[in-house]
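Participant: What follows is each chain in one-letter form.
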Amino acid sequence: MSHTTSLTKKIEELKKLAEASGLDVSDEIALLESKVKAASKTEMAWRRVELARHPDRPYALDYITRIFDNFIELHGDRYFADDAAIVGGLAFLNGQPVTIIANQKGRTLKENMKRNHGMANPEGYRKALRLAKEAEKFHRPIITFVDTSGAYPGLGAEERGIGEAIARNLMEFSQLKTPIISIIIGEGGSGGALGISVGDKIYMLENAVYSVISPEGCASILLRDASRAKDAAAMLRITSQDLLEFKIINGIIQEPEGGAHTDPDATAMAIKKVLVRDLQDLCNRPPAVLVRYRNQKIRKIGHWNENEE
Amino acid sequence: MSHTTSLTKKIEELKKLAEASGLDVSDEIALLESKVKAASKTEMAWRRVELARHPDRPYALDYITRIFDNFIELHGDRYFADDAAIVGGLAFLNGQPVTIIANQKGRTLKENMKRNHGMANPEGYRKALRLAKEAEKFHRPIITFVDTSGAYPGLGAEERGIGEAIARNLMEFSQLKTPIISIIIGEGGSGGALGISVGDKIYMLENAVYSVISPEGCASILLRDASRAKDAAAMLRITSQDLLEFKIINGIIQEPEGGAHTDPDATAMAIKKVLVRDLQDLCNRPPAVLVRYRNQKIRKIGHWNENEE
Amino acid sequence: MSTDTPCPSCGTVHDKASIEAALKTCPSCGYHYRMEVAERIAYLADQGSFVEFSANLRSLNPIDLEGYEEKLSEAEAKARMKEAVITGTCTIEGKPAVLAVMSFNFMGGSMGSVVGEKVSRALLKGAEERKPVIIYTTSGGARMQEGIFSLMQMAKTSSAVAELAKAEVPYFVVLCDPTTGGVTASFAMLADVIIAEPGALIGFAGPRVIEGTIRQKLPEGFQKAEFQLEKGFVDIIASRQEQRHLLSLLIDLHRPYGAAKKGA
Amino acid sequence: MSTDTPCPSCGTVHDKASIEAALKTCPSCGYHYRMEVAERIAYLADQGSFVEFSANLRSLNPIDLEGYEEKLSEAEAKARMKEAVITGTCTIEGKPAVLAVMSFNFMGGSMGSVVGEKVSRALLKGAEERKPVIIYTTSGGARMQEGIFSLMQMAKTSSAVAELAKAEVPYFVVLCDPTTGGVTASFAMLADVIIAEPGALIGFAGPRVIEGTIRQKLPEGFQKAEFQLEKGFVDIIASRQEQRHLLSLLIDLHRPYGAAKKGA
Ligand SMILES: [Zn+2]
Ligand SMILES: [Zn+2]
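Chains as they are written, first to last, in the numbering used here: chain L, 1 to 309; chain C, 1001 to 1309; chain W, 2001 to 2264; chain E, 3001 to 3264.
Just so you know, not all the hints are guaranteed correct.
[What the hints assert, rightly or not] The list that follows gives simulated cross-link-like pairs (lysine-lysine, DSS-like), each with its CA atoms no further than 30 Å apart:
| id | chain 1 | residue 1 | chain 2 | residue 2 |
| --- | --- | --- | --- | --- |
| 1 | C | Lys1133 | L | Lys137 |
| 2 | C | Lys1300 | E | Lys3071 |
| 3 | E | Lys3071 | C | Lys1041 |
| 4 | C | Lys1177 | C | Lys1297 |
| 5 | W | Lys2166 | E | Lys3166 |
| 6 | W | Lys2125 | L | Lys133 |
| 7 | C | Lys1114 | W | Lys2224 |
| 8 | C | Lys1133 | L | Lys133 |
| 9 | L | Lys247 | W | Lys2071 |
| 10 | E | Lys3071 | C | Lys1230 |
| 11 | E | Lys3082 | C | Lys1297 |
| 12 | W | Lys2095 | C | Lys1137 |
| 13 | W | Lys2071 | L | Lys37 |
| 14 | L | Lys177 | C | Lys1177 |
[To be verified] Short, incomplete list of chain L residues facing chain C, as computed with Cβ under 8 Å:
| id | residue |
| --- | --- |
| 15 | Arg78 |
| 16 | Tyr79 |
| 17 | Gly161 |
For the record, the hints were derived by calculation from the structure and aren't laboratory data.
We treat Cβ as the ideally placed atom computed from N, Cα and C, and that holds for glycine.
Using the sequences and the accompanying hints, generate a full structural model.
Facilitator: Structure representation (structure tokens):
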């Protein structure tokens, strides 16, 4: 039982006792309840962060092999290197060709060396764009799996223009004349995640998170206390429920009780169901309509008021 | 006086003597004459190679500053680096905006370090393509100045795909929906030169050369004797006269007696005259027509027969 | 910048008036101090030509973050601006343009909903009215106080750049010190011609974040404008004195020959 | 390759039959020997499906180079081919395709007017008949005996690739050992999917030219297929055994959803 659940129970007991005693402590109780509710939100948000980063959590290739047939990985950006932190390629989804682009984390130390813990360099984004353009050329839908703590903040990444690479993808993906579906399967970390997730439909796995900054980063900057990552996670509103409420995503894909890693097959099938349903719909739309809707949706995001003075 | 000119004179004297003496040496004379003619061709070809490589020969920027107004150099490929072996930018030609792309050699040791003796790396070709696409976007004509012994055969060039970079330019330049005029002003060295010279009109300065391989390279491979570069130069048919005869180029721009370096101003004005005349014509053609003609011309190049057996 | 502090680059002490007269640069070495938005507009736009639009947009608190409203009020008072970017139309040497200028004074030039919206509107206005768009950037990145909404402004502004590109209207950016994070990774890097002020820091990750990753000091000059020119991400480094005429020339150089013919 | 020489990679000695049976690879380590054009076509194309076109093109001597005709005759006798590339239509696992296969035996697979023309025709035929184009490359580069005409084949074949691309017909290349020079810098690098045979040397400048430039030995594995994969210029390294099915899958994966719908 979590701390907040036991607290809630205790409060209920307190209420009953107070009622029985005829003492009016309703103000105090209300204050208590709201504090517990906030603590519970924090707990839930952090639990999702932990699940999103769980070492056993399925990574992109775990889903790709389960959802698609005949996945053929394609390599390289045609400029500088192949970046294993982003994988891409072709496969069939129930017989329909699709292009897949995905952040890929490593499970072993060795694999993480190769995949740079899923943090892409500019080459990764440029490979993604190359494959996306190839998909567009052949009117092939694109499915992206997002799972990265962010783009790599390294020397080489800056030297080779990681900012330019992400910016270019945002612009180009907004215009691709082919359907794009993005699934945030774990960590959706800032611009590094956005760089492969501008699309027609965005989904999140139930325990995935999607955020402009890591809870740790936010805590150390906004709360001036790096240890308050849990509070930051709740403040930032980064869970799938938050993003659905904000209408940033189109839906939440439920995970098995305990998280995706407890049943990767079931999670994969849940993703597949959504993909098959949506692709059928999206592939029937004329590309020009697709692009117009995609951009209308993007351009509406934000909250402001505009009162004449 | 060149060796062959004095030889030709001597033969004339010989002829007269023979006639006077009544001796029939016409066969021997004919043989002599053909040998001298070949030698003269070799001499002339080599003289052009020497002029094309002359250390005082005007380089691209020498012409650019003389022909255009307000040249603004633009830098960088947006992937890896700015390559100073290829310069590019915007300028006015008699008030009309144009994009300029040019091989640039250095005149001093220091400048040649920076410009790599005019031998471009992949970055140079990618910058050229970026600027060419920008020109196309704004329906701005492109003028290229070619002057390179070739693309740089270095480690980094291979690592970053110099072959890919040139190939991409050949394909993309063939499709650009804007006029392209190329002027070979000095050395037109192989794929490195071709990488910025697919266009609607190709001109050569009188003493420029354009070749699939350097005379030295050809000599060492075909003639198995690197010292026979002069013979190779003649064999390869690399002069402006050869290329005009082959219909590879649209015309020859005359140089002052003694070569372009004896009067850069006059040479620049001769180039300008051609550019102004041709641009007026090319800018009146619909882009689709331009592209169709350009590719029809490219696809006709070659000599073969196709007899049914 | 105070009047009697020595220039951070060459150490010479100049009085405020001479630095102001040199467009906030050091008269000795040309070091570029940061410049306020109003000063930039005054310098760039032909006198009296600047007409602000979307002036009244103000951020809401989309993720209900405690203290954000107060922070906005403080920023407004400090920067004497309502948000981190001012957008308007103007003429530059007589040529119509859309001009957006960011302010680092307003919450570090961070991009939230309002910056994203105003920048997007500027780009779309350029497309619609066929006026070149010029944006002066300076930013620490996304405004994390707006959570995911700030991140999405990167996509939004990039989509607006695409709209401008489809309209074949030119787009110029001048990168000022510092331009980092989500602004670098969106509209700042997508211009047809990218200009940078001398010495400006330009990057995606901030220097301290990178140092934290690589666990060593960054090389001298890393991420500066000159470095970015060498690395191929900046077209031109132009001093403040040159910028107005350069932009004016670029506008002329981006008139298509078809349009020129029609016009002439 | 002789029957009783040890494998250059692992040293094992195999008899000719077992190497042939393994599609000219070493049964022990998978080392890929060079393969003749006829053998490749026999392996790739469905039995009896290969129909050659443009078979009778022969080079003229466009720059009147002494000895070129003799050289061509010698090459023809040696390679038992009329030129360095064979082009035809066929089916692969039942799927129609245009197939072009180069031969290193014919003057080092060099590209002159005929290679350029045949490759271009293959690409244009693919565009016209809407058949995927597959090209197996191996080449030392441009055929210098044809002077400037050989150089121009680079532009010509690249223009033909553009035509195929505009028709939205897929184009696959398999880079074989060695692919260098003008072929690398034109149609070989422009495919939608670029496959390479294991260990194939792929580059623009040849290793000796580069060594001459940098005045030192090249690092182990430089310009090999595995190096090019790492550097981002090759999509897939596929052994000879995998190639046919891989190409067949790629053909299916390149059917657009629009076409699929129309077809199904
Ligand atoms: Zn100073
Ligand atoms: Zn072996």
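Participant: Flag every earlier hint the structure violates by its number, smallest first.
Facilitator: Those not satisfied: there are none.
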